[in-house]
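What follows is the residue order along each chain.
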Amino acid sequence: MYSRYARRYARLVTMPSTAPSPKRSAPLAQGGAPSHTLTDVTASDSTLRRFLHGLPGVDAVGLEARAASLGTRSIKTTSKAYAIDLAISMVDLTTLEGADTPGKVRALGAKAAHPDPTDRTTPTTAAVCVYPDMVAVAKEAVAGSGVKVASVATAFPAGRAALEVKLADVRDAVAAGADEIDMVIDRGAFLSGHYLKVHDEIVAVKEACGTSARLKVIFETGELSTYDNIRRASWLGMLAGADFIKTSTGKVAVNATPANTLLMLEAVRDFRAQTGVQIGVKPAGGIRTSKDAIKFLVLVNETAGEDWLDNHWFRFGASSLLNDLLMQRQKLATGRYSGPDYVTVD
Amino acid sequence: MSEKSETIERLSVFKTYKLYVGGKFPRSESGRVYEVTDSKGKWLANAPQASRKDARDAVVAARKAFGGWAGATAYNRGQVLYRVAEMLEGRRGQFVREVAEAEGLSKAKAAAQVDAAVDRWVWYAGWTDKIAQVVGGGNPVAGPFFNLSSPEPTGVVTVLAPQESSFLGLVSVVAPVIATGNTAVVIASERAPLPALSLGEVLATSDLPGGVVNVLSGRTAEIAAPLAAHQDVNAIDLAGADEALAKELEVAAADNLKRVLRPQPVDDWSATPGLDRITAFLETKTVWHPTGSLGASGSSY
Amino acid sequence: MASAFEYAPAPESRAVVDIAPSYGLFIDGEFAEAAEGKVFKTVSPSTEEVLAEVAQAGEADVDRAVKAARKAFQKWSALPGAERAKYLFRIARIIQERSRELAVLETLDNGKPIRETRDADLPLVAAHFFYYAGWADKLGHAGFGTEPKPLGVAGQVIPWNFPLLMLAWKIAPALATGNTVVLKPAETTPLSALFFADVCRQAGLPRGVVNIVPGYGDAGAALVGHPDVNKVAFTGSTAVGKEIARTVAGTRKKLTLELGGKGANIVFDDAPIDQAVEGIVSGIFFNQGQVCCAGSRLLVQESVHDELLDSLKRRLGTLRLGDPLDKNTDIGAINSAEQLARITALAERGEAEGAERWSPACELPASGYWFAPTLFTNVSQAHTIARDEIFGPVLSVLTFRTPDEAVAKANNTPYGLSAGIWTEKGSRILAVANKLRAGVVWSNTFNKFDPTSPFGGYKESGFGREGGRHGLEAYLDV
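Residue numbers (the numbering used here), protein chains in the order written: chain A, 1 to 346; chain B, 347 to 647; chain C, 648 to 1125.
Errors might be hidden in some of the hints.
[Unchecked claim] Part of the chain A face toward chain C, derived, beta carbon under 7 Å:
| id | residue |
| --- | --- |
| 1 | P56 |
| 2 | V58 |
| 3 | R73 |
| 4 | E306 |
[Said to hold, decoys possible] Listed next, the in silico EDC-like pairs over lysine to aspartate or glutamate satisfying Cα-Cα at most 20 Å (straight line):
| id | chain 1 | residue 1 | chain 2 | residue 2 |
| --- | --- | --- | --- | --- |
| 5 | A | K291 | C | E653 |
| 6 | C | K960 | A | D292 |
| 7 | B | K593 | C | D875 |
| 8 | B | K476 | B | E498 |
| 9 | C | K714 | C | E680 |
| 10 | A | K197 | A | D40 |
| 11 | A | K80 | C | E653 |
| 12 | A | K76 | A | D292 |
Don't read these hints as lab results, they were simulated from the structure.
Being a predicted model, the structure only gives us computed values, none of them experimental.
No residue lacks a Cβ here, since even glycine has one placed at the ideal position from N, Cα and C.
Construct the entire structure; sequences and hints are all you get.
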């Protein structure tokens, strides 16, 4: 669908000659170089800027209306059970407090591996998400469960540190065994139009992730403020080699919303259509109920499609959401409404 | 001395009255004329007896003029209409004589009619840039949308001028039609067409673009029938039609759903008109646009 | 949509509405049989199940209804506006209270998805009564003179596409201004109007103020031609509208007509594409395209034609067609066998004339009246499907190269009801909107309605406006 931009960049862009294989993960490129075919777009500040500003605009009212309309889908019975298990399996169970301790992180890891101690058929969560200094503890806590350890890095959440400091942060987490790195972009650079700086920083972080860790790029959509910015940031992140694009840190007033997630889902859909490379999406912050989570899954299903209905491609950054999903799961199993005493406090 | 008193009185120059179509003054393509007399039966002039082809030509001229006239600024239309009033004022004597002869009025009464007609042009000249604020405006819809209703001219309007009031009545039905940007094909009073044909001469010298007003004289019923049925005419004012003709024309007008202003009894054309004759030939266009929310951080849902 | 994530059926409960086996005409506050004893059946278009038997009004019944309305007019018009207002406020509130019931009823009788009756029709119905209620005691401030008078008895004929909403558009302003009404609902969708009669009863509305006479075209003709009717309001086809205009010619009856359309939805190359796709879908598939202001002609700039069509087709693949009572249904049933036949014939004509037909993979239910969402590409202005109103889920796609060409093509129709513009450039929106000869122009949105917003057409789409302050004029002697 972005062929007109491709045309505009006819000399810069090489279209993929083979159809993408949807389930295949994009091969991790060596040395941090992105694996897509739009590399020439990022040749200079001005080509990048022209590309990002050439993306179609977003009409805010129309976007929000579409997100709201998908929110009215009514999910019942077997579909609901499927959706709840899928949602549990997509949770990045998160603790990002100054007061985090090894004890707290161990409890979280146990919960991720066995979300419902009364029902061993409950899927594990996708990952636990912690600060870099807790990666080793987390890794130990989830060992053998298949649960991944994600770590925020790059001077999370503000991202206001020198690049070397950020990279050291990343290397530290990766060295401690992190499977995934959740970085924040430099919103200041983005808002002042220094897109290439943002891009290069992502590329550098990607390189620091090496071949073992997947990179999630957090835009802090609440600070980007406009939908046009969110679309541009999404493409910028994907061009720079993100494995996931992620809405927010959970540390500002507005985090994941159906509308901004819908917009990012459109971006990954269009990016794959153009480059053949599939990128994941992670809304984070503010998703607390099963009802909310199911609405997000409907957004995924009807926007990016079922190829993304898998925790390799879609995650929820959340903490309290998990208990609500578990209570709903118990309700479906027993027919009774559950209560907070029947799920674990962590 | 005696020879001097026997000087021959100067023979006046008659005017050949012509149609006014597309800014030009053609004779009827049919070559027909009919005799126009004063109220006592005295011959005044031979007026062109327009045919259905003249009517067709007038519609073509009016359609051609529509885009430019409707697209002119309201201020510009107001200035042009005011210029018409200025030109009329300068020809006051001529119109007083023509109205007096046409309607059998005294000089004083005819003068009052002409003065009222000039004042009416001035009144409508002032409306051009006010009507949109009176009949249009923003609508407070329940949602994140800016919603604005504006009046727009209907298009080409056929006007059957009143049969009795040959000038004040005429002006009172023509001015409101064109003030808002419509263009008009006017059928003059059948019995008293001369003031209308002279008005054409005034309009031609008033900066009014050719084709905005087209004046036809002749048999009202004969000219009106093809105009009422014409698929490129958008509306019809039946002021000059009697009951039977009005019904016949209204039926014909239904073929393309013309806006029809039915004839209404008018006791006194000099009374202050309301907005009815303006609004009868206006369409309301409503344009919606999202207002946009405040962005992601301020999104409403 | 084949997916691991199938939404299980989520049907709205039919039990919330209690449909009687038979209904009478509602005249002078009472239900009565038709004078000739005729009845007709109304069916659910999605299943062809008979919902009820309804008395069929004839000329004598219409006459009786007009007499009842005439009798009620004197007292009703003499009521202080504030009192009339309170009746209308009551009606608005009762409709809100009963909206779930009425939404289900409307979906059953019309075939449209419950999602639409629940989220669009019913909220708009209540809002319309609420809006005009407030005008009843403020008419002297509406710009129609200090003491504008009602016309008398209003004869109103409404279509089947938005049965209750069209009733609201007709009855609310008529009553607010002090008129009494005789309303003929469409023969395929009489039920919500008859339920509205019950709403009037609950509201304590004086007898004869609202009379409902279900029936066929002959009843409508009798109503429109009745000598004691002072006002005729019609929403429906342009052909019938012209017939009505001929009928009332030479009378003093005031006439407003809201007729057909062939709306152009214009997409420029700098449009917000994802929202434009949604707008196109809403423009032609809302209510199965059975909407007079549908954006049935997509005019797309050639430079974005291919990618827009790709996006549009992908999006159409996600539309869910089926049981209208299922809350997840996007596309419901066509209203009648007759309408289905008309849509089918026009679509076949499109193919025969060489346009390229496309529909998403879409299974149609075995019973009921169904038509898959359909696109025609390679359409030119000369094709029948680009000129005739199809009134169904069929979109004709045309292209243009420049804004001038877009405007020329958009206006190249005898209709003039609606149009859409999609571009991120503000000045282009204003310039194009200015040149479009259409009564409603949606820019970067489509199919939005509001009681405060005047609605109605240019040219052969009719005359007069419904909604807003403008909507009062049709019912006042001005």
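Hint-by-hint comparison with the structure:
1. P56: holds (4 Å)
2. V58: holds (6 Å)
3. R73: With a closest approach of 5 Å, the A/R73 hint holds.
4. E306: holds (5 Å)
5. A/K291 to C/E653: Roughly 16 Å between the alpha carbons, so the hint for A/K291 and C/E653 holds.
6. C/K960 to A/D292: Given that 20 Å is the threshold and the Cα spacing comes to 28 Å, the pair is violated.
7. B/K593 to C/D875: holds (18 Å)
8. B/K476 to B/E498: Judged against 20 Å, a Cα distance of about 13 Å means the pair holds.
9. C/K714 to C/E680: holds (17 Å)
10. A/K197 to A/D40: Since the Cα atoms of A/K197 and A/D40 sit roughly 16 Å apart, the hinted pair holds (cutoff 20 Å).
11. A/K80 to C/E653: holds (10 Å)
12. A/K76 to A/D292: Distance of about 14 Å is within 20 Å: holds.
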